[in-house]
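Peer 1: In case you want the letters, here they are:
Number of protein chains: 2
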Amino acid sequence: MPIHSRCSGVFAPVVMPFERDLSVNARRLVGQCKWLLTQNVGIAVFGTNSEANSLSVDEKIDLLDQLIDAGIDPSRLMPGTGLCALPDTVRLTEHATRLGCAGVLMLPPFYYKDVSDDGLYRSYAEVIERVGSNRLKIYLYHIPPISQIAISISLIERLVKDYPETVVGIKDSSGDWSNTKEMLDAGWDDFRIFTGSEKFLLQTMRNGGAGCISATANINPAAIYDLYENWQAPAAESKQQELMVLRDLVQRYPVIPALKCIVACNSNEPDWLHVRPPLESLGKSLRDALIAKLTEMNFHMKGLHDGTQ
Amino acid sequence: MPIHSRCSGVFAPVVMPFERDLSVNARRLVGQCKWLLTQNVGIAVFGTNSEANSLSVDEKIDLLDQLIDAGIDPSRLMPGTGLCALPDTVRLTEHATRLGCAGVLMLPPFYYKDVSDDGLYRSYAEVIERVGSNRLKIYLYHIPPISQIAISISLIERLVKDYPETVVGIKDSSGDWSNTKEMLDAGWDDFRIFTGSEKFLLQTMRNGGAGCISATANINPAAIYDLYENWQAPAAESKQQELMVLRDLVQRYPVIPALKCIVACNSNEPDWLHVRPPLESLGKSLRDALIAKLTEMNFHMKGLHDGTQ
Chain A
0 MPIHSRCSGV FAPVVMPFER DLSVNARRLV GQCKWLLTQN VGIAVFGTNS
50 EANSLSVDEK IDLLDQLIDA GIDPSRLMPG TGLCALPDTV RLTEHATRLG
100 CAGVLMLPPF YYKDVSDDGL YRSYAEVIER VGSNRLKIYL YHIPPISQIA
150 ISISLIERLV KDYPETVVGI KDSSGDWSNT KEMLDAGWDD FRIFTGSEKF
200 LLQTMRNGGA GCISATANIN PAAIYDLYEN WQAPAAESKQ QELMVLRDLV
250 QRYPVIPALK CIVACNSNEP DWLHVRPPLE SLGKSLRDAL IAKLTEMNFH
300 MKGLHDGTQ
Chain B
0 MPIHSRCSGV FAPVVMPFER DLSVNARRLV GQCKWLLTQN VGIAVFGTNS
50 EANSLSVDEK IDLLDQLIDA GIDPSRLMPG TGLCALPDTV RLTEHATRLG
100 CAGVLMLPPF YYKDVSDDGL YRSYAEVIER VGSNRLKIYL YHIPPISQIA
150 ISISLIERLV KDYPETVVGI KDSSGDWSNT KEMLDAGWDD FRIFTGSEKF
200 LLQTMRNGGA GCISATANIN PAAIYDLYEN WQAPAAESKQ QELMVLRDLV
250 QRYPVIPALK CIVACNSNEP DWLHVRPPLE SLGKSLRDAL IAKLTEMNFH
300 MKGLHDGTQ
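Chains A and B supply the protein sequences, listed in that same order.
The first sequence begins at 0 in numbering that gives the first Met the number 0 and counts up by one.
The second sequence begins at 0 in numbering that gives the first Met the number 0 and counts up by one.
If you are wondering where the hints come from, they were derived from the structure by calculation, not from laboratory data.
Quick look at which bits of chain B chain A covers, simulated, 3 or more residues with Cβ under 8 Å: (1) 55-66; (2) 85-95; (3) 104-117; (4) 121-134; (5) 140-147; (6) 267-277.
Derived pair list, reagent style EDC-like, types lysine to aspartate or glutamate, alpha-carbon separation capped at 16 Å: (7) B/160 x B/189; (8) A/33 x A/64; (9) B/112 x A/279; (10) A/301 x A/225; (11) A/198 x A/236; (12) A/112 x B/279.
Even glycine gets a Cβ: it sits at the ideal position worked out from N, Cα and C.
Based on the sequences and whatever the hints tell you, model everything.
Peer 2: Here's what the structure looks like:
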């Protein structure tokens, strides 16, 4: 993939492995990323579901270096780099760009609320000007249920107009199809629109979208990719419905701990259960119930290993 | 003030001076802090109104060092140290504790929403255990309108019970007097309750509170301190009402830019106008209107200088 191309496909906000003492285990992260790549799924590390905002910038820089050192292709990497403080966002974005990452997924600064579109425009513009690289490709990250900061259609329009070669896409995690549809209908030139949930993958593809970046891609990558790849096939509708069975099950639990429980079980590495506060691991009864359901469904993460191979 | 004492009085979340290029100007910060101290107001640097979450941890550590080097008494310092990522909170809190700061004002991690009290308890407990110093004095920071993460009465109760010498107070910026009153009525031993607005200062003092930590203390410190000091005097009611005139004026504008506009005007340093994105400086017409009102009120920040004296 040439450096300046734009992304499409299925990406996973890779779950983050911690030790019991809450330090990061880079070996297990590499293992999960390599497995995802074998399933044709790209690496949106440091997303919401990666507990990215529970990691320091230093930890993220170190992990990016370790992923590259372990042979992960940077053209398959779309790390999350949007933080509250401008110098932090610039530092992490610069590092990711220097490593050759295909793009970055960028939250708006999310502490101050009720900020204006002008203020958000200036946030993104300052980052772009300070990084100052034509290799930088930004995918905006719209996730108002968590960030509480919306990225409006008119803000996108302004950024795309002023930085057409840099602001090249968005992940819409609003959970609101009408918002995704409005973006898809806007007709911004080669703008890559990812749905934040495979729930809307078929609709997104039918309307000219680029794919999805979804938590569930951590555990069900091949099936999600299969729908992405074959959205025009007659079986697409039924594939879409099949995807929802696993998604609906996971959504009945706190999602991040549930994903980690499933990875822990399938990789036979119980340390995957650890989360950093303020999140909590699933308790034993919830874990048992979830795993029983998955066994009933004959669910298995084929080929998942622990990163040592 | 001995190191292990608890805080009371009036504190200002000191506004943060930036240059045109958005770098921090430590000289002007020192000047503002020294002026506040002459007005009997303590230094709650890195509060919400300090644009603290628009600064990196490195910037905050450097600024704390510069404040101490400039002769600011650490026993008058209550820096904000609560961040999203556990390692960041631990690092900044450790540094503030090592410098001998009287206390730290600690936000809960604020990215992930709908987190449980157990998760928040674990966040605070991990910080306390990792810092591992009996000099650490934590003032919890309850500001749900911005952080979107509430600190419940039962969470406070648990923390005070398990860490009675460390979790020693709270700033209540809920804007909800009934919440402050419930805390004041709880009867936690020597627990220091600060209201987040001088609007409730008299009520807070009458109910056994410790004082206030308020944005407006940046520009009106002497009058707020006067009410704090003389809350039992007959004139207290009218002093409380007088405080509200300036506060109500400032609240009609975006508060942080308005405070900076007032400091800029009174110190004759227009660079005080700069804010980091996503905030925006006041435009000229808003500035003119605000300053005209203040002139009409014969408002002046007596003795404010630019930090060079």
